[in-house]
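> The primary structure of each chain is shown beneath.
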Amino acid sequence: MSTNTSQTPAERLRDAGLYAPGEAVLSVRDLNVRFNSENGVVHAVRGVDFDLMPGKTLGIVGESGSGKSVTSMAIMGLLPETADITGSVRYKGKELLGLSDKAMCKHRGSDIAMVFQDPLSSLTPVYTVGTQIIEALTVHNPSMSKQAKEARAVDLLRMVGIPSPKDRLKAFPHEFSGGMRQRVMIAIAIANDPRVLIADEPTTALDVTIQAQVLEVLHTAQEETGAAVVMITHDLGVVAGMADDIMVMYAGKPVETGTVEDIYYNPRMPYTLGLLGAVPRVDTATKQSLVPIEGTPPNLALPVTGCSFAARCPMVSDACLHGEPELFPVPGTEGQTLGHKAACIKSDQLSGNADAHRIFHAPPKPVSKFDGVARVERAKVLELRDVKKHFPLLKGALIKRRIGTVKAVDGLSFDIREGECVSIVGESGCGKTTTLLEIMEFHPDQVGEVVIGGVSNKVATDHKTTMAMRKEMQMVFQDPTGALDPRFTVYEVLAEPLENLGMPKAAIKKRIMELMKLVGLQSDHVNRFPNQFSGGQRQRIGIARALAVNPKLVVLDEPVSALDVSVQAGVINLLDKLRAELGLSYLMVAHDLSVVRHISDRVAVMYLGKIVETGDVDHVFDNPRHPYTRALLSAIPVPDPHLERTRERIILQGDLPSPLDAPKGCNFATRCPVFAALPPAKQEKCLTLEPPLAPEKEGTQDFACFFPDGEIDADMLVVHA
Amino acid sequence: MLKYLMKRSGIYLIMIFLTTSAGYFLAVSSLKPAVLEQEKIPRPTPEQVAASFRGLGLDPDKNAWERYVDWLWGIVTRWDWGRSPNGAFVNAEFADRVLVSTRLFIASIILTLIIGVALGVYSAARQYKVQDRVITSYSYLVHILPAPIAYFLVQLGAISINEAVGERIFFVTGISTPGIEPGWPAFVDLVAHYAVPTFAMTIFGWAGYQIAQRQYLLDNVNADFVRTARAKGLTRNQAIRKHALRVSFIPVAQSIAFTIPAIFTGGFFAEAIFAWPGIGLWSIQSISLQDVNVATATLAYGSVIFAIGAILADFATTLVDPRVRVQ
Chain A
1 MSTNTSQTPA
11 ERLRDAGLYA
21 PGEAVLSVRD
31 LNVRFNSENG
41 VVHAVRGVDF
51 DLMPGKTLGI
61 VGESGSGKSV
71 TSMAIMGLLP
81 ETADITGSVR
91 YKGKELLGLS
101 DKAMCKHRGS
111 DIAMVFQDPL
121 SSLTPVYTVG
131 TQIIEALTVH
141 NPSMSKQAKE
151 ARAVDLLRMV
161 GIPSPKDRLK
171 AFPHEFSGGM
181 RQRVMIAIAI
191 ANDPRVLIAD
201 EPTTALDVTI
211 QAQVLEVLHT
221 AQEETGAAVV
231 MITHDLGVVA
241 GMADDIMVMY
251 AGKPVETGTV
261 EDIYYNPRMP
271 YTLGLLGAVP
281 RVDTATKQSL
291 VPIEGTPPNL
301 ALPVTGCSFA
311 ARCPMVSDAC
321 LHGEPELFPV
331 PGTEGQTLGH
341 KAACIKSDQL
351 SGNADAHRIF
361 HAPPKPVSKF
371 DGVARVERAK
381 VLELRDVKKH
391 FPLLKGALIK
401 RRIGTVKAVD
411 GLSFDIREGE
421 CVSIVGESGC
431 GKTTTLLEIM
441 EFHPDQVGEV
451 VIGGVSNKVA
461 TDHKTTMAMR
471 KEMQMVFQDP
481 TGALDPRFTV
491 YEVLAEPLEN
501 LGMPKAAIKK
511 RIMELMKLVG
521 LQSDHVNRFP
531 NQFSGGQRQR
541 IGIARALAVN
551 PKLVVLDEPV
561 SALDVSVQAG
571 VINLLDKLRA
581 ELGLSYLMVA
591 HDLSVVRHIS
601 DRVAVMYLGK
611 IVETGDVDHV
621 FDNPRHPYTR
631 ALLSAIPVPD
641 PHLERTRERI
651 ILQGDLPSPL
661 DAPKGCNFAT
671 RCPVFAALPP
681 AKQEKCLTLE
691 PPLAPEKEGT
701 QDFACFFPDG
711 EIDADMLVVH
721 A
Chain B
1 MLKYLMKRSG
11 IYLIMIFLTT
21 SAGYFLAVSS
31 LKPAVLEQEK
41 IPRPTPEQVA
51 ASFRGLGLDP
61 DKNAWERYVD
71 WLWGIVTRWD
81 WGRSPNGAFV
91 NAEFADRVLV
101 STRLFIASII
111 LTLIIGVALG
121 VYSAARQYKV
131 QDRVITSYSY
141 LVHILPAPIA
151 YFLVQLGAIS
161 INEAVGERIF
171 FVTGISTPGI
181 EPGWPAFVDL
191 VAHYAVPTFA
201 MTIFGWAGYQ
211 IAQRQYLLDN
221 VNADFVRTAR
231 AKGLTRNQAI
241 RKHALRVSFI
251 PVAQSIAFTI
261 PAIFTGGFFA
271 EAIFAWPGIG
281 LWSIQSISLQ
291 DVNVATATLA
301 YGSVIFAIGA
311 ILADFATTLV
321 DPRVRVQ
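Sequence lines, in order, name chains A and B.
So in the working numbering, the last one in the first sequence is 721, and the numbering has no gaps at all.
So in the working numbering, the last one in the second sequence is 327, and the numbering has no gaps at all.
Chain A with its partners taken away, still in its complex shape (with noise of 0.2 Å):
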């Protein structure tokens, strides 16, 4: 570590005067990270600049390996000693770079606390949530007495809405959820009141309501301790709603700061723009394919010659490769906190409404043959009937008791026509995935009936009835690393299933290159490895080979989450292309709702094993009726600030309830924002009664609820003015 003896006259000038901190309580001048490694010293953060007043909320957005991370936990001070960290990083005015470790530790905690990705791993699993929250109180005030630290800890968990907060002290972090174990992490980083927070990808490991409970949380923490948020985040809907300022990084460089609304509404650096093309919209129908961004960001072992993004760039021309563009104030911005700055010479040709589309040359949205072809009359690839997965509970160690059942799926029936995509969405633990491994069971002895192409599980007692089936169906895994075998070539990955079918060898050379061009991989790269491609490529490698049997109906599950934003983009539109150009039907399980409602015909919401609510994509989007689907709705963050300012949200209280504990009558009426609203008179009807499935008079899509237009409990509801 240095501090900052050797300045620029650059960085001297961006000090007096360009950049004057003002009031600003942390503020990050020229941060450079690089780390040795065995392929050279990587320049992972270069050159941070930015100053967090009070009270205000930065975010950080980027893509995975862009700095966002590193730059956060050099400003804490908790990157290994062996990254070389140079720059400035002032809070209230007192430098923290070159600090020894212990020094640190007086800022760590009181005045600077963070938030950390992942709640599961990210408390001790051998002491009590109550020790964790205590152990913060006494490091920074030592003379505290017992009574005080524990009456504080009780707060902090109250305030952060865990319930019998007194009690819960004692529990130890397994005995938690995920979005509770979140709560307790934000509980122990405001229990000192800090000024800074920074928050690291909070809710990427948490589903969609809870996500909305955990950044409503964050919120009540910001507005009661009064501290500057720093959030770092790859998903743009989640800042959307909470910051104030944004900065884009890219190859560990930030490329375009500013307010959220020039951020959003009037990005003037490609790589913005095509981010923001890049995100499907859960709130409106889309007749556009979405913006791929082709390529890949660039390694950062290598110098940096000309512009980062070029490589991937549509705009690029020769001006761009010769010297790394600096941020540059857009033209016609002033007086913002940090002002609207791009580092991109071309910025001002992006002024006004730039269309992402255009610029990125978004491929056409796709035709299908079946479009035009009312769906009774296509043909079902796909029909469940009653299918039923419960799993019995047991006890005990040579004698197995039954002690109860876990209805995983629990009576679901639905069927995919010719040509379309049905998704099935829904929290984790609803029985999604299940529902998928039952379907790829296929097995006489299943409870309820699976017809796949008109073969029924019924009568698949031979091998021979079996492949059929799965020549039929094929699958797409969500991890595309692990989907594939490290020790596999490309060719043999798709040779394989060809194998199986007794393709002559000749044959199955040709399919796989038909296949390579289909998916828009390069031919000449069948002989290489799947850790020589990047994430996107190795899932489109995932479904070359599912298709190479030539299937009717493609399995996908959870297709893109693994995936970076930019990348997501160019594998649903390969998505949307070939369900067009092959005919194919898709099922889908997927608990991004934007991308769901991008892709799909058709959607169906689980909760505990059973099918809530189902129809068409835009009638269920545009039009939920059950309560579960408009929370699951309101709960996702949506890129536009002005909207998801003023949105109506729907938080629900608590966490997918134990499958083994599922209520009598209505499923949901545990945590239903409607139920909760109701009269004791008409509760006690969702109490005892299941509501059927079923649609209403003209309905257009099918729904499970007695009250579907009740009014939402005042509790349950939120609006940030």
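Calculated from the structure, these hints are not laboratory results.
Among the clues, some could well be false.
[Claimed, not checked] Restraint ranges, calculated between C-beta atoms of paired labels, are given here:
#	chain 1	residue 1	chain 2	residue 2	range
1	A	Ala468	B	Asp219	33 to 39 Å
2	B	Met15	A	Thr489	46 to 52 Å
3	B	Ser137	A	His219	28 to 34 Å
4	A	Glu449	B	Gln215	48 to 54 Å
[Said to hold, decoys possible] In silico PhoX-like pairs for lysine-lysine, Cα to Cα no more than 25 Å straight-line:
#	chain 1	residue 1	chain 2	residue 2
5	B	Lys242	A	Lys106
6	A	Lys106	A	Lys149
7	B	Lys7	A	Lys395
8	A	Lys102	B	Lys242
[Stated by the list, open to error] Among the chain B residues that face chain A by a calculated CB cut under 8 Å, a handful are:
#	residue
9	Ala229
10	Ala231
11	Gly233
12	His243
13	Val247
14	Pro251
15	Asp321
16	Pro322
Every residue, glycine too, gets a C-beta built ideally from N, C-alpha and C.
Place chain B on chain A using the hints.
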């Protein structure tokens, strides 16, 4: 907790019974003490041998099942584990042997554990620095050094100290000097006998704990929860000490409980080299002496110690890891 203990003990009791019974059948069908009797001078007649064995309850004419029933009946009704071919009662010798073994090993078990874990933590905190390299290299060296050679080296060292001083400070073999007067002289004699084996077994014993503790701690020093602790305002060393150490001790605690029986029953080399006639030595000797009852008794003892170790391991785990619940 008590209920759990009873249940586990019950299961282990059944397992001990099964292994011991199987061991008895194996011993009774493969060990033939009569063969050794033939080497006596004057050579006894087979009738004499059979008659003397019959008197000891080792009737060679009975089949395995009959002898098993007799043997089991003796244990169940009179707690009599039978007799050796030379007429000695197993019960009488057993207690002495266990006492000798326990005395020989108890100090080194405790020292090994404390030193091993401490050095593991010390070396993990200084990963790849000189101290770590020295300590860990030593541990690996000791791991590949056969125990007999290691113990002989210590004995040689003790002898050369004795010679250098010109006086016998250390005894390299034996338990005590016969005929020593009680009180202070007896205590000095005890320490002089005790020092060499304890020292040898300790410095060659901690390697396993050191390596394991170092490894488990290193797995945890960069864990997310250590980072959280640092973000609260703890220094790196405080965070490691308070958070990583306890988590990393969970697997070590389990292995400690399991290594105790291994030391008690597997100390054949130490007992032989330092001439402490303990249970390990007895077990090996019983096989060469074709002694069915002693072989089975030592086997049963090993099983019991193992069961105790397993229950201790469960206890240790529940003690340090709140995620494990005893039901």
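> Can we keep the Gly233 of chain B interface hint, with Cβ of chain A closer than 8 Å?
3 Å, holds
> Take a quick look at whether Lys102 of chain A and Lys242 of chain B sit within 25 Å of each other, Cα to Cα.
16 Å, holds
> Mind checking the CB of Pro322 of chain B against every CB in chain A and telling me if the closest is under 8 Å?
Status holds, d = 5 Å.
> Grab the minimum C-beta distance from Ala231 of chain B to chain A and call the hint holds if it beats 8 Å, violated otherwise.
5 Å, holds
> Would you say the C-beta atoms of Met15 of chain B and Thr489 of chain A sit inside 46 to 52 Å of each other?
50 Å, holds
> Using 8 Å as the Cβ threshold, decide whether Ala229 of chain B counts as touching chain A.
Given a least distance of 7 Å, the restraint on Ala229 of chain B holds.
> Given Pro251 of chain B as an interface hint, is the shortest Cβ-Cβ distance to chain A below 8 Å?
With a closest approach of 13 Å, the Pro251 of chain B hint is violated.
> Within 25 Å, alpha carbon to alpha carbon, are Lys7 of chain B and Lys395 of chain A?
Since the Cα atoms of Lys7 of chain B and Lys395 of chain A sit roughly 15 Å apart, the hinted pair holds (cutoff 25 Å).
> Would the hint on Val247 of chain B stand, with a C-beta cut-off of 8 Å toward chain A?
With a closest approach of 6 Å, the Val247 of chain B hint holds.
> So the hint says 48 to 54 Å: do the beta-carbon atoms of Glu449 of chain A and Gln215 of chain B match that?
52 Å, holds
> Look at the Cβ atoms of Ala468 of chain A and Asp219 of chain B and judge whether their distance stays inside 33 to 39 Å.
Cβ of Ala468 of chain A to Cβ of Asp219 of chain B: about 48 Å, so the range 33 to 39 Å is violated.
> A closest beta-carbon separation below 8 Å is what the hint needs, so does Asp321 of chain B meet it against chain A?
6 Å, holds
When the structure is compared with the earlier hints, violations turn up for hints 1, 3 and 14 and for no others.
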